[in-house]
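Q: The task is simple: from the sequences and hints, build the whole structure.
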Amino acid sequence: MSDRELILARIRAAVTSAPPNEIVRDYRTSAGPLDRAELIELFAERVADYRAVVHVTGEDEVAATIAAALAAQGLTRPLVPGGLPVEWVPEGAVADDPPLSDAELDAVGGVVTGCAVAIAETGTIVLDAGPGQGRRALTLLPDYHLCVVRAGQIVAGVPQGVAVLDPSRPLTWISGPSATSDIELNRVEGVHGPRTLEVVVVR
Amino acid sequence: MTFLGMPAFPANAAAAVRDSQLRFNLRKATHTIREKRASVVAELPDWARLREAGKQIKDHTLRNLERYLLQMEEAVTAAGGHVHWAADAREANRIVTGLVRETGESDVVKVKSMATQEIGLNEALAEAGITAYETDLAELIVQLGDDWPSHILVPAIHRSRAEIREIFLEKMADWGRPAPEELTDDPRALAEAARRHLRERFLSTKVAISGANFMIAETGTLVVLESEGNGRMCLTLPKTLISVVGIEKLLPTWRDLEVFLQLLPRSSTGERMNPYTSTWTGATEGQEFHLVLLDNGRTRVLADEVGRQALRCIRCSACLNVCPVYERAGGHAYGSVYPGPIGAILTPQLRGMSSPLDASLPYASTLCGACYDVCPVAIDIPEVLVHLRGRAPHPRAERLGMRAAGWVFDRPERLARAERLAGRLRRFVPRRAPGPGPLSAWTETRDLPEIPAESFRDWWTRTDGGTR
Amino acid sequence: MRVALFVTCVNDALFPGTGRATVTLLRRLGCDVTFPTAQTCCGQMHLNTGYPEEGGRLARHFTDVFADCDAVVVPSGSCAAMIREQYVRLARVPASTASTASTAFAERVAETVPRVHELSEFLVDVLGVTDVGAYFPHRVTYHPTCHSLRGLRLGDRPVRLLEQVRGLDLVPLPAADECCGFGGTFAVKNPAVSAAMCADKARNVTATGAEVLCAADNSCLMHIGGALGRQRTGVRTMHLAEILASTEAVR
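Chains as they are written, first to last, in the UniProt record's numbering: chain A, 1 to 203; chain B, 1 to 468; chain C, 1 to 251.
You may find that some hints are simply not true.
Said to hold, decoys possible - Heads up, simulated EDC-like pairs for lysine to aspartate or glutamate below, C-alpha to C-alpha not over 16 Å straight-line:
id: 1; chain 1: B; residue 1: Lys36; chain 2: A; residue 2: Asp49
id: 2; chain 1: B; residue 1: Lys206; chain 2: A; residue 2: Asp102
id: 3; chain 1: B; residue 1: Lys28; chain 2: A; residue 2: Glu184
Derived from the structure by calculation, the hints contain no laboratory data.
A: Quick look at the structure:
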């Protein structure tokens, strides 16, 4: 008997006496009473709680906000994924075309991306490797990640986020910069992922 | 790593209790996470409903495990992945070793995985000439220190920053890029040293091994939650990814994540969400992907009507952080990769209770119930502990004593006679009983209560219920 | 109201004063107290130590003895929790293995268990009193004990009763919800951890400056009191019933 058959046979024998049960989903799944302005406010507050930098700007100020943030980091040649809206592409941007090697990505100082969805209650941005986000390594190897979130992409909670995401795409849920608490429970931001996360919310 | 031949829990715990640095570290860590968890759980008005849904989803999955495993296999295969089945640790290690050999590589990077620790994968790979590099900061500390993990979430909780600095200075060079000579014990400097040490490793290693927090049967998706980004490195950069996952990690539908991505981070790190969660389905971005489905005793647990609830566990470690016994005994005393209250019910079920250590684990609890209260999937750990105690082998002297006590309690007249006898002998009870035995174990640190001259029932009879 | 007292084996043999105080208190509140002398032990020690055969036998004995009582009062949180939680589990036998005896036991459990009340539950929920007319002019701290807190979910019932006692100065116990380390046979099977937990509990108790440590469970009090006594702290332990039974008259 193969291990597959063996395991399945053991399972069949084990669960014969297990009673059927019912799953009740009476937890919160709707957006709740928050309007768009409140969602933006909650999202910004929760992202900031992770010690990430948050800006909330109007559509016409996005480019300037991105430029100022990159300048503050001293980043003159930031990486951008394909499909990033042209008005967000900063001066001196480097495209991942042809794809950079891992070593080249490691040498890049920072990256600017959009996202697929953002979750207010948990301060989370989710990337699905779609247009304006790029393959997963782009937001992993550079030490600085600037993510632009459109207000319309912000949902209230985790259930609303899960509902709009496509599981067939590789997803990266990001809540603040990389962190560890492995040494005497002291939180240190930045271990292997980007040590700085900056989020620009477009009203 | 081997736990074979380890003494039973009481002896391990007694040694830990005497280690004041360990006591201090454990107390600080468990109380810190405990409070963080309490505050983020209190934020959610529907926590109790999420907890109930989590419990029901897991029970439903276990009840229909065969169907969902087959669905998972089909979905992963359809998405270009390869699925392997391992009935036990040996088979799982054989499969993984073979897969790594096929790549021609002799180095693998690992993202923290309890399942691979449970099966002793690193040791099996080493025998085949393959070096496994742990990449989680705490696991790195444990690996460099040739040590054991002592907590599910923060495996190096027993190490102080000064010890970590020493380990890095002494051992990092043997495993790759050495630690800088001027390394201090500042956690930032230590984390930076780990970042630099591992960055080269991530960029050069072609094979990664992971576990998973969840598998989604409906879509064939795997889910890994982490904080540092080492998980993303392992899941993204290498050309070959091998995930070893216990069969109980399944969830039926994608939608079920809406429950567990709320329950797990808040219960585990005490955050609204952990820094990084990765999900992927089959072969992703040109990678080769293998999923190894692991039984290794899980189907035996599943067959136990009371004990099977332990398979709901999502490894959050909330039960460790509230357990007064764990806080004083530390993780190593449990002699297993699964320490604390959940370990006390999981280990004896997965391994059986033939060793003195495993037989002592169901007794490593006062049944205070704090673990059940915080468990995000409502595992009634005290219930399972009591159930396992009923099956544990008992020392002969205890068995005789318990039988005798049962005989006395069977008849009220026997109990009355025993009480009268104790009352007559009350003057002869020593302040400290000579050892060894249960009486001396008590009187070592505690006085015995004074035995009354007259029992309640004799008083009631003599005074006709206090009316005479 | 007719009330049967289940005094518990620990109180019967070691703390008869708690039983007498319970009788005094209940009579003062107008109850007709009986003591079915066939009672012995609820089976907690056996069941929780891994002897379900003996424990189950004692559980059946308990349900036989108290089958016809209107209300059973138990001055012990852990024995009451034992009866409420574990008897129900013991009675749950799969239909395939059910026998006449197991069905009869299940029926007994279903009838008897809802009528079993821990003392403070009985006072607050059944009799509807929090002021029991007690007088106790001392500084007291209250330890909620695990089975009262997380088993029976007694909540603030004992504290509400203590707050109404005239002269009593109730001081909060730091880390009150933490286990004292007794755990029945845990105290002797894992003496090192048990003693460490007890030492922390005793330190918290003495830090309050209380003269008296009160709880609804004498087994936990015996444990903490054993450490308080060994350390010569001078802090007395008293069961809730004994404080509630105290009046100016008997002072």
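Q: Check each numbered hint from earlier against the structure, then list the numbers of those it violates in ascending order.
A: The structure breaks none of the hints.
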